[in-house]
Structure formats: C-alpha cells, structure tokens
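Colleague: Numbering-wise (my numbering), the sequence shown opens with residue 80 and increments by one.
Just so you know, not all the hints are guaranteed correct.
What the hints assert, rightly or not - Taking lysine-lysine pairs in the DSS-like style, the calculated list, with each CA pair at most 27 Å apart, reads: (1) Lys-129 to Lys-315; (2) Lys-318 to Lys-129; (3) Lys-318 to Lys-259; (4) Lys-315 to Lys-377; (5) Lys-105 to Lys-144; (6) Lys-259 to Lys-224; (7) Lys-478 to Lys-519; (8) Lys-129 to Lys-144; (9) Lys-377 to Lys-501; (10) Lys-519 to Lys-501; (11) Lys-315 to Lys-325; (12) Lys-535 to Lys-519; (13) Lys-144 to Lys-501; (14) Lys-129 to Lys-519; (15) Lys-325 to Lys-377.
What the hints assert, rightly or not - Distance ranges between label pairs, derived from CB positions: (16) Gly-202 to Arg-180: 35 to 41 Å; (17) Lys-280 to Pro-514: 53 to 59 Å; (18) Pro-514 to Asp-268: 55 to 61 Å; (19) Val-436 to Arg-180: 33 to 39 Å.
Quick caveat, the hints were computed from the structure, so don't treat them as lab data.
No residue lacks a Cβ here, since even glycine has one placed at the ideal position from N, Cα and C.
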Amino acid sequence: MTRTLVPLLLAIVGLGLIAPDLAEAKKPNIIYILADDLGIGDLGCYGQVKFETPNIDRLATEGMKFTDHYSGSTVCAPTRSVLMTGLHTGHTPVRGNAEVRPVGQEPLPGDTVTLPELLQEAGYVTGAFGKWGLGYPGSEGDPIKQGFDVFYGYNCQRNAHTYYPTWMYHNEKKIELDGKTYSHDLIMDQALKFIRDNHDKPFFCYLPIAIPHAAMHVPEEYVAPYRQKFSEFENKVGKYAGPPVKNPIAAFAGMCTKMDEDVGRVMHLVNELGLDDNTIVMFTSDNGAHQEGGHDPKFFNSNGPYRGHKRDLTDGGIRTPFLVRWPGHVQPGSESDLISAHWDVLPTLCQLAGAEVPAGLDGISMVPTLSGEGDQPQHDYLYWEFFERGGRRAVRMGKWKAVQNDMTSDPDAPIALYDIEKDVEENVDLSAQHPQLIAKVREIFDEAHVENDRFKFKFERK
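Between the sequences and the hints, there should be enough to build the whole structure, so can you do that?
Modeller: Written as structure tokens, this is what we have:
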C-alpha cells in the first residue's frame, strides 16, 4: 500500500493526469481536543444554558456539528485505546481502566499500530498534551514509544484525579511540581508551544485534557462569577482528590469556562500563525458526563435527553459531542447525523493526511461527510463492551440500540432493545416484539468480540 498520498499524486502529475498545484497541496495540521467526562449537553451548541461556551460553539458555527457520534468506551483508558488504534472495544488492546501499581495503567502492546505512528510515517511531527492512561512510564505503552515526538501531562490517569499534582511527565522525564500549580495551565502552555514551534511543518496536536473530570478544581477567578448565580450550593462541598471544593456546582461551570477559554487560545494562535485554512480542529469527549467530585449532571442537563452516565452503555454514557472546523473544506454551520464513533477518527485523519490506512480496522473514514463529496460508507453496527459493574455490552444498528447488563456470569442474560429514533431515553424495551433482532444482536456480540487475556468476561474460557 502507498505510504503517503503525496508521492502518489506526484507520480500521477508526472503522467500529466493531475494538476501540479493539487499534488503540491500542503498536508493539513490536525488538532484533536478530547475533553474528559464532558456530557453532550455541556456545550452551548448542544443546548447548555447555565453557562456559555462561545469558543467551542464557534467550531460548530464555523464547521460541522455531529449529532450521532459516540465515544470509544464509557470510561477513560479504553476510549483512548480506541482512538489510537481505530478498533472498537471488542478488538482494541486496552478495554478497561486496568491499574498498574504504583503508577500507571495497562500498557498498549509494543507492536500496536497507532494513529501518531501512522502520521509520523506521513511526515507529521506529533505531540500529546494531557492525560495518557495507556501505559506506565517506560513501558511499551509509554506515549513516546507509541508514536509521539513530544508528551507532557499525566502519564498515569490516577494522578489526574487532582489538578494540583506533585508531578507529571515531560516525555520520559518525571517533572516535580509544588502541588499548588494548576496542571491544566501547564498542559495548555506546552500544547501552544508545540503548535508555535512546529507551525512550519505538518503537525498532529493531540489534546486529551482532564477538564472537567473528577475533582472540581479551577482557579477562583473562574468560579467567582458563578458563586452568586448558584448560591444555593455554596454550603455544598465536593471532594475527590486534592483539596476539597466549596460549591462544586459553581466550580464545574468555572471549569467549563476555563476549558472554553483555552480552546479559544488554541484557535487564536492558529489564526495568528496564518494556519487557519490548513488546520483541522476537532473537539469531542471521552465518554458521557460523570457524577463525581460534587458535579450534578442532572442540574446542568449534562447528558441532554439521553439516559445514563459514565460507566453506562445507554446513550448517556457514550453519546458525545463532535465538532469539526476546517475553513474552506468543511461547510460552516453544517450538521451531520452520520452514525459514527471514535474508532472512525484514525481512518479519517489518515486519509486527510495522506497516511497509510491499515487493513482490518473497525473504523470508516468520515471524509465524504466532512467534504460533502463522494459516497459516505456506513457502519453495519457499532459495538461496545465494558467489564465493570457486572459486565455490559451494547450495539447500535441503524435506529436500533441493544444493551445487555449483568452478563459476566451469563452470556445469555436478557438484552434490552430500543428504537432510539422514537425513544432517545431508552425507556421502552421492545425486545419481546423483535426476537429476530435480538438473535441478530447475539450474533454481533459473538462476531465483534475477540478474546483478550487481560480483559475477559467471567464466562470466557481459553
């Protein structure tokens, strides 16, 4: 397979079959922002009314908003594994938040083919800034060993439970901190430096920020405007890790304001460097809204009309915002109901970057939808599996959504079936009326799941 698109185009130019200016087009820069535990309803462009997110909303007004986009998983590490590999949780190597002591999580295997590796081969400089969670420092899953030229942030996602840590990692070096410095600021400063330092070459900036995960930590200047607005919660205290937070409701709004401000800083820098028309900015979340650290997703309507939260496989746990801005290429103010998921990101970005698209992926390229040209491939189904809380599996196929809970000891546990075009809250179980669809779902469960020695349902036998 051709390793990059540009050499192929140059060869075609030599045959006189394509104009030289197209062949010499610059590879687009890529900025992929992954918020942590942000519900789809936590953005103004998806209906949030209790605080504003004007910079993120600009991605929608100046680009495309997806309404049927899903996360790779319902918790942190497996979603990140899905993004890096283009494989859903039935196939991706890391399928759960498996901890390694004293520091880190289950590592990606050394032979994993990852998105940053593919982009490196296509001529990109690659940087990751934020929360990694796919391998302890020095392991084969370390971000520097998985295709990133630069890494700064939380190698261990447990360490990201506080925004005032005593250490983080810069590449493979542990950086000691005073426990009083807001980590998100350090992460954003390093990301902006990476963009500035590499503005004259194609770059991939992966920004898996920790906001608004876990502890409701944010500098007081961002909380103060909301204290009076949400004064009825002033006596409430949120605690997760690090210092406790008075009025975590106000703090959550302040965190999202801080996050939005920093997305604005990224966009401003891209414009300042003259990169606007050649930079793709994508924004999403790693799963649905959480219920931790004093956050009240019901108060904020964080998951919009969808039922469930982080760790659920109903849409409240896995339906995510997805915004794409690329001036001159993606139609401003456009909207797509393409049924898509995080495992589609790798083939999409590889196609746009002229990088090799590996065989055997679960993802499909969304380029036809983004460009408005050509026929958009469709998924036969989307699949998730989750190994906590009794074991859970889910399938989305067209308008149908199937969810099976409490199945680690019984693969034949009942499966609920919902028509989510009519029943977005997944309240009305139609499984009894559609036995043929339930039989099809069980076939998909068998087809989509490949055994993994580290992540096993209890009924599996080698």
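Colleague: With reference to the structure, classify each hint as holding or not holding.
Modeller: Against the structure, the hints come out as follows:
Between Lys-129 and Lys-315, the direct Cα distance comes to roughly 18 Å. Compliance with the 27 Å bound is thereby established for this hinted pair. As the CA atoms of Lys-318 and Lys-129 are separated by approximately 22 Å, the hinted pair is consistent with the 27 Å bound. Note on Lys-318 and Lys-259: the hinted pairing holds, with a Cα-Cα distance of about 17 Å set against a maximum of 27 Å. Between Lys-315 and Lys-377 the CA atoms are separated by roughly 16 Å; this keeps the pair inside 27 Å, and the hint holds.
The straight-line distance between the Cα atoms of Lys-105 and Lys-144 is roughly 25 Å, inside the 27 Å bound, and the hint therefore holds. Restraint check: the Cα-Cα separation between Lys-259 and Lys-224 comes to about 30 Å, which exceeds 27 Å; the hinted pair is violated. Between the alpha carbons of Lys-478 and Lys-519 the distance comes to roughly 14 Å, so the proposed pair stays at or under 27 Å and holds. Taking the CA atoms of Lys-129 and Lys-144, the gap is about 21 Å. The hint holds against a cut of 27 Å.
A distance of roughly 22 Å separates the Cα atoms of Lys-377 and Lys-501; the hinted pair therefore holds under the 27 Å criterion. Proposed proximity of Lys-519 and Lys-501 is supported: the alpha carbons are some 21 Å apart, at most 27 Å. A hinted pair counts as satisfied when its Cα atoms are at most 27 Å apart, and Lys-315 with Lys-325 qualifies at roughly 6 Å. Of the pairs offered as hints, the one joining Lys-535 and Lys-519 holds, with about 22 Å between alpha carbons and a cut-off of 27 Å not exceeded.
A distance of roughly 21 Å separates the Cα atoms of Lys-144 and Lys-501; the hinted pair therefore holds under the 27 Å criterion. In summary, the hint linking Lys-129 to Lys-519 is not supported, as the alpha carbons are separated by about 42 Å, beyond the 27 Å threshold. In summary, the hint linking Lys-325 to Lys-377 is supported, as the alpha carbons are separated by about 19 Å, within the 27 Å threshold. About 39 Å separates the C-beta atoms of Gly-202 and Arg-180, a value consistent with the hinted range of 35 to 41 Å.
The given range of 53 to 59 Å is respected by Lys-280 and Pro-514, whose C-beta atoms sit roughly 57 Å from each other. One distance hint, 55 to 61 Å for the beta-carbon pair Pro-514 and Asp-268, holds here, with the actual separation near 57 Å. Between Val-436 and Arg-180, the C-beta spacing of about 37 Å keeps the proposed range 33 to 39 Å intact.
Violation of the numbered hints given earlier is confined to hints 6, 14; the remaining hints are satisfied by the structure.
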